[in-house]
Amino acid sequence: MSFNNTYSDLESGYGEESQGKWSILQERYDPEADVRRGFIKKVYGILSFQLMITTGVCATFMKVEDVRDFVIRTPALMWVGFALSLVFLFALLAYRKSHPTNMVLLTIWTFIQSYTVGVICAVYSSEGKDMLVLQALGLTLGIFLGLTAFTFQSKINFSFMGAGLMLSLWTLILWSLMSWIMGWQTGFLFSLFGAMIFSGFIIYDTWRLSKQYSIDEYIQASIELYLDVINLFIYILRLLDRN
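Numbering (the numbering used here), first residue to last: 35 to 277.
Worth flagging that the hints you see were computed from the coordinates, not collected in a lab.
Quantities reported herein were computed from a predicted structural model and do not represent experimental measurements.
Take these hints with a grain of salt, some might be off.
Unchecked claim - No more than 30 Å apart at the CA atoms, straight line, and that leaves these computed lysine-lysine pairs for BS3-like:
1) K75 x K131
2) K245 x K131
3) K189 x K76
Given only the sequences and the hints, what does the whole structure look like? Please build it.
Okay, structure coming up:
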């Protein structure tokens, strides 16, 4: 009788312990967080693909002399690229949830954007400033990784930045227009302001990626982060170039 009672007590204790551990595991496992992590990995995978395309195009434009000379001699293609970029961007946003159409459009749009960045890099290369481009690339990568890590670790709600960043972006656009019309020589301040704005956008868009975007908006999230990185690179390149 005492043996049976002892066995029952042990079995009961083991059962309570197992149930307690199972409850802890259930509390720790958050299916929504798991889905969000998968979404974030997908976005950064797409972003890496886009940046690889842009890096490849820029390297080709800088190092293949015939290609470099051609793109520099035909600036009209920049305007064609700008128009095509808008067309494909609107199409991409319209079909952003239609797979695989969205990925095909994204790839084409990325190549068009890469052409513009590649021409800029080709001009610097033709002036013997290849090292300047590499320095801008390294700084951009470092800033992007640093701001990304900061945002993911921070407990701050960065939603407050949205309105201010949009106002700053429109200010930058108007500043650019007025400088072109009036001939203002404010290159350093303009570039510094632009770099600060897109650094802010990296924080804001990274926060939206982790907290706000629905999981089927991976194309839009990738586009916004890609544009943040590319614009930051261009403004840092302008900052480093004292001419």
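Evaluated hints:
1. K75 x K131: Given pair K75, K131 holds - Cα atoms ~17 Å apart, limit 30 Å.
2. K245 x K131: holds, 19 Å
3. K189 x K76: holds, 23 Å
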